[in-house]
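Protein chains: 4
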Amino acid sequence: MATSRFAVIAGAGAGTGAAIARRFAQKYPVFLLARSPDSYNSTVEEITASGGQAYGVSADISSAKDVKKALDEIEQKVGKDASCAAALFNASARPAWKPFMDLTEADFDASYAISGKGAFHFAQATIPWLLKDAKNGSPEYSPTLIFTGATAALRGSANLAAFAPAKFAGRALAQSLAREFGPQGVHVAHVIVDGIIDLPGSKELLKDAGPNAKLDPNAIAESYWYLHSQPPSAFTHELDLRPFSEKW
Amino acid sequence: MATSRFAVIAGAGAGTGAAIARRFAQKYPVFLLARSPDSYNSTVEEITASGGQAYGVSADISSAKDVKKALDEIEQKVGKDASCAAALFNASARPAWKPFMDLTEADFDASYAISGKGAFHFAQATIPWLLKDAKNGSPEYSPTLIFTGATAALRGSANLAAFAPAKFAGRALAQSLAREFGPQGVHVAHVIVDGIIDLPGSKELLKDAGPNAKLDPNAIAESYWYLHSQPPSAFTHELDLRPFSEKW
Amino acid sequence: MATSRFAVIAGAGAGTGAAIARRFAQKYPVFLLARSPDSYNSTVEEITASGGQAYGVSADISSAKDVKKALDEIEQKVGKDASCAAALFNASARPAWKPFMDLTEADFDASYAISGKGAFHFAQATIPWLLKDAKNGSPEYSPTLIFTGATAALRGSANLAAFAPAKFAGRALAQSLAREFGPQGVHVAHVIVDGIIDLPGSKELLKDAGPNAKLDPNAIAESYWYLHSQPPSAFTHELDLRPFSEKW
Amino acid sequence: MATSRFAVIAGAGAGTGAAIARRFAQKYPVFLLARSPDSYNSTVEEITASGGQAYGVSADISSAKDVKKALDEIEQKVGKDASCAAALFNASARPAWKPFMDLTEADFDASYAISGKGAFHFAQATIPWLLKDAKNGSPEYSPTLIFTGATAALRGSANLAAFAPAKFAGRALAQSLAREFGPQGVHVAHVIVDGIIDLPGSKELLKDAGPNAKLDPNAIAESYWYLHSQPPSAFTHELDLRPFSEKW
Numbered sequence: 001m002a003t004s005r006f007a008v009i010a011g012a013g014a015g016t017g018a019a020i021a022r023r024f025a026q027k028y029p030v031f032l033l034a035r036s037p038d039s040y041n042s043t044v045e046e047i048t049a050s051g052g053q054a055y056g057v058s059a060d061i062s063s064a065k066d067v068k069k070a071l072d073e074i075e076q077k078v079g080k081d082a083s084c085a086a087a088l089f090n091a092s093a094r095p096a097w098k099p100f101m102d103l104t105e106a107d108f109d110a111s112y113a114i115s116g117k118g119a120f121h122f123a124q125a126t127i128p129w130l131l132k133d134a135k136n137g138s139p140e141y142s143p144t145l146i147f148t149g150a151t152a153a154l155r156g157s158a159n160l161a162a163f164a165p166a167k168f169a170g171r172a173l174a175q176s177l178a179r180e181f182g183p184q185g186v187h188v189a190h191v192i193v194d195g196i197i198d199l200p201g202s203k204e205l206l207k208d209a210g211p212n213a214k215l216d217p218n219a220i221a222e223s224y225w226y227l228h229s230q231p232p233s234a235f236t237h238e239l240d241l242r243p244f245s246e247k248w
Numbered sequence: 001m002a003t004s005r006f007a008v009i010a011g012a013g014a015g016t017g018a019a020i021a022r023r024f025a026q027k028y029p030v031f032l033l034a035r036s037p038d039s040y041n042s043t044v045e046e047i048t049a050s051g052g053q054a055y056g057v058s059a060d061i062s063s064a065k066d067v068k069k070a071l072d073e074i075e076q077k078v079g080k081d082a083s084c085a086a087a088l089f090n091a092s093a094r095p096a097w098k099p100f101m102d103l104t105e106a107d108f109d110a111s112y113a114i115s116g117k118g119a120f121h122f123a124q125a126t127i128p129w130l131l132k133d134a135k136n137g138s139p140e141y142s143p144t145l146i147f148t149g150a151t152a153a154l155r156g157s158a159n160l161a162a163f164a165p166a167k168f169a170g171r172a173l174a175q176s177l178a179r180e181f182g183p184q185g186v187h188v189a190h191v192i193v194d195g196i197i198d199l200p201g202s203k204e205l206l207k208d209a210g211p212n213a214k215l216d217p218n219a220i221a222e223s224y225w226y227l228h229s230q231p232p233s234a235f236t237h238e239l240d241l242r243p244f245s246e247k248w
Numbered sequence: 001m002a003t004s005r006f007a008v009i010a011g012a013g014a015g016t017g018a019a020i021a022r023r024f025a026q027k028y029p030v031f032l033l034a035r036s037p038d039s040y041n042s043t044v045e046e047i048t049a050s051g052g053q054a055y056g057v058s059a060d061i062s063s064a065k066d067v068k069k070a071l072d073e074i075e076q077k078v079g080k081d082a083s084c085a086a087a088l089f090n091a092s093a094r095p096a097w098k099p100f101m102d103l104t105e106a107d108f109d110a111s112y113a114i115s116g117k118g119a120f121h122f123a124q125a126t127i128p129w130l131l132k133d134a135k136n137g138s139p140e141y142s143p144t145l146i147f148t149g150a151t152a153a154l155r156g157s158a159n160l161a162a163f164a165p166a167k168f169a170g171r172a173l174a175q176s177l178a179r180e181f182g183p184q185g186v187h188v189a190h191v192i193v194d195g196i197i198d199l200p201g202s203k204e205l206l207k208d209a210g211p212n213a214k215l216d217p218n219a220i221a222e223s224y225w226y227l228h229s230q231p232p233s234a235f236t237h238e239l240d241l242r243p244f245s246e247k248w
Numbered sequence: 001m002a003t004s005r006f007a008v009i010a011g012a013g014a015g016t017g018a019a020i021a022r023r024f025a026q027k028y029p030v031f032l033l034a035r036s037p038d039s040y041n042s043t044v045e046e047i048t049a050s051g052g053q054a055y056g057v058s059a060d061i062s063s064a065k066d067v068k069k070a071l072d073e074i075e076q077k078v079g080k081d082a083s084c085a086a087a088l089f090n091a092s093a094r095p096a097w098k099p100f101m102d103l104t105e106a107d108f109d110a111s112y113a114i115s116g117k118g119a120f121h122f123a124q125a126t127i128p129w130l131l132k133d134a135k136n137g138s139p140e141y142s143p144t145l146i147f148t149g150a151t152a153a154l155r156g157s158a159n160l161a162a163f164a165p166a167k168f169a170g171r172a173l174a175q176s177l178a179r180e181f182g183p184q185g186v187h188v189a190h191v192i193v194d195g196i197i198d199l200p201g202s203k204e205l206l207k208d209a210g211p212n213a214k215l216d217p218n219a220i221a222e223s224y225w226y227l228h229s230q231p232p233s234a235f236t237h238e239l240d241l242r243p244f245s246e247k248w
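Protein chains in written order, with the UniProt record's numbering: chain C, 1 to 248; chain G, 1 to 248; chain S, 1 to 248; chain H, 1 to 248.
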């Protein structure tokens with residue numbers, strides 16, 4: 001690879017993950033992790049077509065074994081000397097909106113497998129690369145690890161008793177890592193995405209609410225890029241993103 | 001059993017769990033859940049000796065199967081008509097104080113197994129009994145479900161990247177349940193215990209700090225009882241407990 | 001006076017203030033501060049009639065001069081050796097529910113005069129007495145300073161741009177004092193009262209919502225008393241109070 | 001003036017205020033408010049010298065009369081048709097670090113006069129211009145109102161009992177305005193600046209801590225600009241800024 005710094009995105013399916021990948025591909029080769037090639041293929045093609053470098057890697061982020069295999073795959077491609085400029089954790093289970101007594105253990109596990117355990121695996125996989133990047137002196141932008149959160153990372157709600165604990169866990173992980181690795185030069189941040197994201201699947205939602213009532217994935221991606229661009233003298237560790245018209 | 005209302009305590013080992021059991025045994029038959037009889041035997045004996053009713057139940061709270069078995073055991077004892085006045089979740093894994101890259105998946109799982117999954121199982125097991133109690137009209141004190149939290153439920157910290165996510169998850173669960181079951185008459189609360197608890201095992205800590213520098217387990221138990229005693233017109237959903245001299 | 005420990009309540013008008021006064025009068029002589037005797041007269045009579053000791057003191061809590069005068073009045077009554085067991089700040093301006101551009105400087109000042117400045121004056125007036133009480137060794141209950149807060153102390157809202165800043169300020173003051181005077185033995189706490197209080201003036205509100213949908217002032221008062229009764233090994237610094245059926 | 005959109009900065013003295021003014025002057029004519037010309041003169045000259053448009057306006061932000069006068073002055077310059085693209089409130093009293101009982105009423109008032117009342121006046125003065133800008137359709141960047149906060153806006157501390165209430169009040173105001181004016185197209189945000197700002201006056205602080213241990217005012221200014229640049233589909237309402245090495 002031409003450059004020795006790369007970015008890796010977990011949860012790089014359509015929507016926010018794809019937008020983040022496109023944004024970071026303007027600067028770095030990007031690795032898109034998702035469970036199946038269906039999730040990343042079109043984005044990889046799109047980035048490649050527009051002159052960027054993008055690679056899809058299939059992995060179930062909740063599986064240590066899968067993540068290890070994905071790491072090896074990336075390392076083979078980037079070589080021993082490469083370092084990670086940005087690791088972006090955007091994976092999330094779908095919220096199981098159910099009365100608590102209808103939740104199964106599998107529902108509870110499913111959220112946690114991604115937002116808790118998956119975030120843990122992703123961080124353990126990428127932090128050595130991020131630390132290496134910090135040691136290299138990060139000529140331009142500091143190495144950055146960002147976690148996508150949600151309102152459910154800040155407050156529990158009726159019918160969200162599986163999803164909220166997992167999102168809270170992800171926020172706790174982000175804070176813990178920010179406090180441990182910030183002083184070592186790695187910028188760790190947590191982003192609270194609050195609102196409906198404007199995707200093909202959410203077309204019918206808020207459709208009479210006028211423009212900008214839903215979150216534009218590219219606007220979210222731009223904020224991730226902004227976090228990455230912050231100099232070490234002024235890191236942001238948490239910010240919220242919501243449409244101007246959102247109630248909160 | 002003489003009375004049809006009972007209390008159940010998970011994590012009823014020495015210390016806070018035992019103190020909570022003793023406090024609630026002044027009013028109700030109490031069931032003490034812990035992994036092994038070594039944890040509850042002496043408390044059961046002590047309560048029995050002083051005229052209360054106490055029963056030990058062995059269960060690994062993180063195991064759905066174990067919790068189900070414990071439930072059956074309790075139900076056999078209390079009968080079909082009984083209802084739960086207070087369910088008190090005091091179980092917790094020991095924090096694995098380690099740099100993040102030294103944490104194993106097992107460390108991460110161990111905290112979550114108790115504070116996340118264990119809390120989930122305990123809530124699913126006890127809520128039907130608590131709802132039944134609410135329907136009975138709770139002549140005196142409202143049915144109450146309390147979770148023991150910690151400072152790590154409010155903020156992540158370096159070297160606490162396994163413990164904090166699990167404690168955050170427990171808090172999210174408590175909030176979600178409070179919002180779902182409060183309107184049905186079940187009082188759900190989360191208690192932030194911040195400081196060193198005064199136990200045989202913590203004797204050497206803060207030993208020159210004078211009296212009251214550590215949390216008295218009986219004082220914690222008294223606060224749980226107070227929460228239970230609140231009328232439905234003024235429920236508390238979260239409170240902190242810390243020694244007067246604690247920095248925070 | 002028979003006892004050397006007393007309690008003082010600011011904002012001791014009808015409702016919560018009166019309920020707090022009645023509760024603390026079960027144990028201590030109580031001084032009721034309010035702008036006019038109309039606010040405290042009936043409560044003073046009621047307490048006296050039931051065998052307690054109660055004294056009304058007229059003062060505008062936002063005025064340093066008035067507060068100083070009130071202090072002198074109390075000191076004359078209690079004598080040089082007395083100490084304060086509980087100082088309870090329950091004063092509050094009415095929220096000016098208005099669009100921001102309709103707020104006058106006077107609206108903004110009015111909230112702050114009570115919840116900010118008034119709380120400051122009250123704390124400066126009572127802390128020397130509370131510290132004296134702490135030095136005396138507080139044979140039973142620790143000297144306690146409690147501030148009544150509201151949901152608007154936790155989040156700003158449209159149309160509450162005068163009230164929320166004042167309530168936030170009161171919470172900041174409570175936290176600052178808790179951290180400064182806790183280690184000196186004074187228990188400082190902030191209570192978030194969230195919901196409609198059941199008063200003659202709120203009769204028409206939620207009238208079809210069934211029992212306990214509004215906060216019973218006596219239940220609030222009981223929680224203040226509970227805070228006062230906590231031993232120094234386990235102080236609570238903040239708790240919320242809301243009806244079981246409240247959305248939050 | 002050539003353009004009809006302008007920016008106004010309160011607390012535009014040396015340091016952060018000056019950096020913000022320089023940043024926004026790259027795009028807009030900027031008005032610098034400060035109590036005395038000494039605070040803004042050199043920045044006005046610097047901006048002018050580099051081809052920007054900058055105007056100093058003397059005003060005590062805590063005085064309604066002064067703010068009104070400043071408004072008239074600005075309006076004369078910009079004309080009736082102009083609108084405000086960005087209003088940036090960076091004024092703050094110096095924290096009075098004192099034990100609570102040493103604080104005077106004047107200390108308490110001094111913090112509030114700026115962070116509470118001053119913020120209120122500034123918002124009332126600029127919101128009509130910001131709303132007008134929103135109605136104009138904001139071809140590029142949404143009209144933005146930003147308040148500079150501090151850690152003391154999030155937690156009270158011993159010896160900060162005058163400063164913290166004022167900073168909490170400022171945050172409450174920002175939240176209230178965000179919820180009221182966001183849906184009308186005005187982006188309101190609050191920035192938590194946590195750490196020592198790198199200024200001539202802070203030269204001796206952290207001087208052995210290496211590079212980036214203090215906040216670079218230009219980095220803060222860049223974050224304000226970033227907030228201004230966010231599209232209405234993804235507004236940030238609060239972010240923190242701290243040096244990578246800061247403990248928090």
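Source of the hints: derived by calculation from the structure; they are not laboratory data.
These numbers were taken from a predicted model, which means no experiment stands behind them.
Fair warning: there could be bad hints in the mix.
Unchecked claim - List of simulated lysine to aspartate or glutamate pairs, EDC-like, C-alpha gap at most 20 Å:
| no. | chain 1 | residue 1 | chain 2 | residue 2 |
| --- | --- | --- | --- | --- |
| 1 | G | Lys68 | C | Asp107 |
| 2 | S | Lys135 | S | Asp66 |
| 3 | H | Lys69 | S | Glu105 |
| 4 | G | Lys77 | G | Glu45 |
| 5 | H | Lys65 | S | Asp107 |
Said to hold, decoys possible - Covered by chain G, according to a simulated footprint, are these stretches of chain C (three or more residues, beta-carbon under 8 Å):
| no. | segment |
| --- | --- |
| 6 | 44–51 |
| 7 | 96–108 |
| 8 | 117–129 |
All C-beta atoms in this analysis are idealised placements derived from N, C-alpha and C, irrespective of residue type, glycine included.
*Assertion that chain G covers the segment 44–51 of chain C - criterion: three or more residues, beta-carbon distance below 8 Å*: violated (count 0)
*Can the restraint linking Lys69/H and Glu105/S be considered satisfied, given a maximum Cα separation of 20 Å?*
holds, 16 Å
_8 Å C-beta criterion, at least three residues: is the segment 117–129 of chain C covered by chain G_ = holds (count 7)
_Given hint Asp107/C paired with Lys68/G - CA-CA distance at most 20 Å_ = Answer holds: Lys68/G to Asp107/C is near 18 Å, not above 20 Å.
*Are the Cα positions of Lys77/G and Glu45/G separated by 20 Å at most?*
Given that 20 Å is the threshold and the Cα spacing comes to 18 Å, the pair holds.
*Quick one: see if chain G covers the segment 96–108 of chain C, three-plus residues with Cβ-Cβ under 8 Å.*
holds (count 6)
*Between Lys65/H and Asp107/S, does the CA-CA distance stay at or below 20 Å?*
Holds, because 17 Å separates the two Cα atoms, which is no more than 20 Å.
*Hey, Lys135/S versus Asp66/S, does the alpha-carbon distance stay inside 20 Å?*
violated, 28 Å
Hint compliance for this structure: hints 2, 6 are broken, all remaining hints hold.
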